[in-house]
Amino acid sequence: DTGVSQDPRHKITKRGQNVTFRCDPISEHNRLYWYRQTLGQGPEFLTYFQNEAQLEKSRLLSDRFSAERPKGSFSTLEIQRTEQGDSAMYLCASSLALNSGNTIYFGEGSWLTVV
Amino acid sequence: AQSVSQHNHHVILSEAASLELGCNYSYGGTVNLFWYVQYPGQHLQLLLKYFSGDPLVKGIKGFEAEFIKSKFSFNLRKPSVQWSDTAEYFCAVTAYNNNDMRFGAGTRLTVKP
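Protein chains in written order, with the numbering used here: chain A, 1214 to 1328; chain B, 1358 to 1470.
In short, the hints are calculated from the structure, not lab data. Incorrect hints may appear among the rest.
Label-pair ranges, simulated between beta-carbon atoms [to be verified]:
id: 1; chain 1: A; residue 1: Glu1281; chain 2: B; residue 2: Gln1399; range: 25 to 35 Å
id: 2; chain 1: B; residue 1: His1366; chain 2: A; residue 2: Ile1225; range: 35 to 45 Å
id: 3; chain 1: B; residue 1: Tyr1396; chain 2: A; residue 2: Ser1286; range: 21 to 31 Å
Here are some chain B residues pointing at chain A (derived, C-beta under 10 Å) [claimed, not checked]:
id: 4; residue: His1364
id: 5; residue: Asn1365
id: 6; residue: His1366
id: 7; residue: Asn1389
id: 8; residue: Gln1399
id: 9; residue: Phe1408
id: 10; residue: Ser1409
id: 11; residue: Phe1429
id: 12; residue: Glu1445
id: 13; residue: Asp1457
id: 14; residue: Ala1462
id: 15; residue: Gly1463
C-beta atoms are modelled at their ideal positions from N, C-alpha and C, and glycine is treated no differently.
Whole structure, please, built from the sequences with the hints as guidance.
What follows is the structure, given as structure tokens:
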């Protein structure tokens, strides 16, 4: 499978613990995105990388959230001191340049449940 | 920043009925528009997209959408739905000079057999 892959698919954690999600984008894509989706809502933009540079961050991304893409390939999203409100699906996506008619491709997401 | 509104939260249709899901965006400049579908337990999949040219865009599975610039709309249509079209549908927009995609809240479509 050469699509966007995310790991783990499901994570249950206790409030206050740290969690990390990994995303492997489509190999030739230089752009990588993180979104959050809660039940009954559309995906909400969190952050975006072009190669290894993090170019944009949403105000939804509090200081407990950090994302990296150290070599411009895979990315990690870490949530520190998790809260129950962090329970959501975290979606990763990748693309080539958007203004050239390219499409954003999404992974299957990582479900986080904070208990 | 651009934003998207989907007015129908939940639509229930019988098989063979026609479908139209509304999508309006707010952004004054050039936009790219998308419809994604999310079947139960699956990831978001692209149905169709508009970048330029013919404002009537045809996608997979018999779906089409029409970009009406004066109304800031990009409604999704299908002449005859099937039970397998039961899913959540998301409209999304990217502004030409931005690099993030903004989604509407989604419309849940239930097709009764």
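Going down the list of hints, with the structure as the test:
1. A:Glu1281 / B:Gln1399: 25 to 35 Å: holds (28 Å)
2. B:His1366 / A:Ile1225: 35 to 45 Å: violated (29 Å)
3. B:Tyr1396 / A:Ser1286: 21 to 31 Å: holds (29 Å)
4. His1364: Since chain A brings no Cβ nearer than about 13 Å to histidine 1364 of chain B, farther than 10 Å, the hint is violated.
5. Asn1365: violated (13 Å)
6. His1366: holds (8 Å)
7. Asn1389: Holds: closest Cβ of chain A sits about 7 Å from asparagine 1389 of chain B, inside 10 Å.
8. Gln1399: Hint on glutamine 1399 of chain B: holds, closest Cβ of chain A at ~7 Å, below 10 Å.
9. Phe1408: At 5 Å from the nearest chain A Cβ, phenylalanine 1408 of chain B passes the 10 Å test, so the hint holds.
10. Ser1409: holds (8 Å)
11. Phe1429: violated (17 Å)
12. Glu1445: Given a least distance of 9 Å, the restraint on glutamate 1445 of chain B holds.
13. Asp1457: holds (5 Å)
14. Ala1462: Since the shortest Cβ distance to chain A is 5 Å, the answer is holds.
15. Gly1463: Nearest chain A Cβ about 5 Å off; hint holds.
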